[in-house]
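**Q** The residues making up each chain are set out below.
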Amino acid sequence: KNQVEQSPQSLIILEGKNCTLQCNYTVSPFSNLRWYKQDTGRGPVSLTIMTFSENTKSNGRYTATLDADTKQSSLHITASQLSDSASYICVVSDYSGTYKYIFGTGTRLKVLA
Amino acid sequence: DTGVSQDPRHKITKRGQNVTFRCDPISEHNRLYWYRQTLGQGPEFLTYFQNEAQLEKSRLLSDRFSAERPKGSFSTLEIQRTEQGDSAMYLCAKTSGETDTQYFGPGTRLTVL
Numbered sequence: 015k016n017q018v019e020q021s022p023q024s025l026i027i028l029e030g031k032n033c034t035l036q037c038n039y040t041v042s043p044f045s046n047l048r049w050y051k052q053d054t055g056r057g058p059v060s061l062t063i064m065t066f067s068e069n070t071k072s073n074g075r076y077t078a079t080l081d082a083d084t085k086q087s088s089l090h091i092t093a094s095q096l097s098d099s100a101s102y103i104c105v106v107s108d109y110s111g112t113y114k115y116i117f118g119t120g121t122r123l124k125v126l127a
Numbered sequence: 054d055t056g057v058s059q060d061p062r063h064k065i066t067k068r069g070q071n072v073t074f075r076c077d078p079i080s081e082h083n084r085l086y087w088y089r090q091t092l093g094q095g096p097e098f099l100t101y102f103q104n105e106a107q108l109e110k111s112r113l114l115s116d117r118f119s120a121e122r123p124k125g126s127f128s129t130l131e132i133q134r135t136e137q138g139d140s141a142m143y144l145c146a147k148t149s150g151e152t153d154t155q156y157f158g159p160g161t162r163l164t165v166l
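Going line by line, the protein sequences match chains A and B.
When you line the first sequence up against my numbering, it's residues 15 to 127, in that order.
When you line the second sequence up against my numbering, it's residues 54 to 166, in that order.
In short, the hints are calculated from the structure, not lab data.
Take the hints with a grain of salt, since some may be wrong.
As the list claims (entries may be wrong) - Straight-line alpha carbon distances no greater than 25 angstroms define the calculated DMTMM-like cross-link-like pairs of lysine to aspartate or glutamate that follow:
#, chain 1, residue 1, chain 2, residue 2
1, A, Lys-15, B, Asp-54
2, B, Lys-67, B, Glu-136
3, A, Lys-85, B, Asp-153
4, A, Lys-15, B, Asp-153
5, A, Lys-71, B, Asp-153
6, A, Lys-114, B, Glu-105
7, A, Lys-114, B, Asp-153
8, A, Lys-85, B, Asp-139
9, A, Lys-114, B, Asp-54
10, A, Lys-124, B, Asp-54
11, B, Lys-124, B, Asp-77
12, A, Lys-85, B, Glu-136
13, A, Lys-71, B, Glu-105
14, A, Lys-124, B, Glu-97
15, B, Lys-124, B, Glu-136
16, A, Lys-114, B, Asp-139
17, A, Lys-85, A, Glu-19
18, A, Lys-31, A, Asp-53
In isolation and in its complexed conformation, chain B is listed as follows (with noise of 0.2 angstroms):
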């Protein structure tokens, strides 16, 4: 158990349709990462949170992609008018202690017909 849970574990959309993912972090941690992963490649990172404000963007993140975190725990991210290109699996991850480690949460597999 890396103490990160996110839901839903899988998501199945038609294409246009907005979904919403979200990420519980068991304990508050300063930072927390969403990253895209596609078949047979490492993650892609997309947007990081130090508490509640969001320090950093990739260009991944188009302008049909939006990431909060508005308490500084939780973090939910949207995708807006699906498209089957965004069909991946979309991971979040904390960072905890002294070695800066990343703990990954299970991910949530996203597919757009």
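Only chain A is shown next, with the shape it has when bound in the complex (with noise of 0.2 angstroms):
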């Protein structure tokens, strides 16, 4: 069964600290893996988009890295603001014939000052 997993369900941190948030896969066959920032009542907005063949890949303060063997990723946000307050959402899309998008339950950072 394609699942996405992500870790910790939660965090706080305080603002200007560094944190890494984790996303195990399942999905099967791979085609990319996004990870998106969720604020409160709003959509998603994507932050990176990786390929099999991509191992890391940064907007800003977040770097997005990818094992696709062992099928890990993580988000890492450095010098954090409290505008990052927010939910991370890893998404894997499956690509199997059909355009299909596997999302995790994702990771509720709160900053705080």
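Need the complex rebuilt from these two chains, each delivered in its own frame; the hints are there to steer you.
**A** This is the structure:
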């Protein structure tokens, strides 16, 4: 069964600190992996996308890594800001003839002043 | 701005009533998706369209739910005889570009009393 699991479920950090969010998946065939940021009450917004051959992708203070062998990805946030408080969702594309996206349940991040 | 608008943003209705939501991707795109998201969970796939053809429906989409995309541009999602369990955020997304990235609308928050 295709699944995407994220950890931790929630995280609280102080402003300026770094943090790393984890995503494990069992999706086959794998097409690509995305990280989304979702502010409360809003739709998700894409942060990064990685294909099978990519190991790392950065978007400002966000850096995503992908290990396709172990089927793990991480999202590292550097020098966190209050505006980083949101849910971060890992999404894996399962391209088996149809364009299907498998969503994780997200990690809820709270950045405190 | 993700180029996807949804209307209404919020809807409160009484159990048993019918509701209809609309999704407008600002520019035409082949694929349009509907998702449902409850608190603390990732989006759950409901259905998707390629142009005006509805190609896949989740088993979450009971016979009370119907979606249309009559001209391959905007889409509507109707829920008949709403139940309290239908209370959720309903998200619409379009795909764009070579990376197949999904762009989400702001969602419609449905509350069934």
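**Q** It remains to establish, for every hint, whether it holds in the given structure.
**A** These are the hints, each one checked on the structure:
A threshold of 25 angstroms between alpha carbons decides the hint, and for Lys-15 (chain A) with Asp-54 (chain B) the separation of about 34 angstroms lies outside it, so the pair is violated. Between Lys-67 (chain B) and Glu-136 (chain B) the CA atoms are separated by roughly 8 angstroms; this keeps the pair inside 25 angstroms, and the hint holds. Taken as a hint, the Lys-85 (chain A) and Asp-153 (chain B) pair is honoured in the structure, with Cα atoms around 20 angstroms apart against an allowance of 25 angstroms. Between Lys-15 (chain A) and Asp-153 (chain B), the direct Cα distance comes to roughly 23 angstroms. Compliance with the 25 angstroms bound is thereby established for this hinted pair.
Proximity of Lys-71 (chain A) to Asp-153 (chain B) is assessed by CA-CA distance (about 16 angstroms); at most 25 angstroms being required, the pair is judged to hold. Of the pairs offered as hints, the one joining Lys-114 (chain A) and Glu-105 (chain B) holds, with about 18 angstroms between alpha carbons and a cut-off of 25 angstroms not exceeded. This hinted pair checks out: Lys-114 (chain A) and Asp-153 (chain B) have alpha carbons roughly 11 angstroms apart, not beyond 25 angstroms. Simply put, Lys-85 (chain A) and Asp-139 (chain B) have alpha-carbon atoms about 34 angstroms apart, too far for the 25 angstroms limit, and the pair is violated.
A threshold of 25 angstroms between alpha carbons decides the hint, and for Lys-114 (chain A) with Asp-54 (chain B) the separation of about 24 angstroms falls inside it, so the pair holds. A distance of roughly 24 angstroms separates the Cα atoms of Lys-124 (chain A) and Asp-54 (chain B); the hinted pair therefore holds under the 25 angstroms criterion. Between Lys-124 (chain B) and Asp-77 (chain B), the direct Cα distance comes to roughly 12 angstroms. Compliance with the 25 angstroms bound is thereby established for this hinted pair. Only pairs whose Cα atoms come within 25 angstroms are accepted, and Lys-85 (chain A) paired with Glu-136 (chain B) is rejected, the gap being roughly 38 angstroms.
As the CA atoms of Lys-71 (chain A) and Glu-105 (chain B) are separated by approximately 34 angstroms, the hinted pair breaks the 25 angstroms bound. A threshold of 25 angstroms between alpha carbons decides the hint, and for Lys-124 (chain A) with Glu-97 (chain B) the separation of about 24 angstroms falls inside it, so the pair holds. Annotation: proposed proximity of Lys-124 (chain B) to Glu-136 (chain B) is violated, straight-line Cα distance about 30 angstroms (limit 25 angstroms). For the hint linking Lys-114 (chain A) to Asp-139 (chain B), the alpha-carbon distance of about 23 angstroms falls within 25 angstroms, and the restraint holds.
With a C-alpha separation of about 11 angstroms, the suggested pair Lys-85 (chain A) and Glu-19 (chain A) falls inside the 25 angstroms cut-off, and the hint holds. A threshold of 25 angstroms between alpha carbons decides the hint, and for Lys-31 (chain A) with Asp-53 (chain A) the separation of about 20 angstroms falls inside it, so the pair holds.
The structure fails hints 1, 8, 12, 13 and 15 (numbered hints given earlier, in ascending order).
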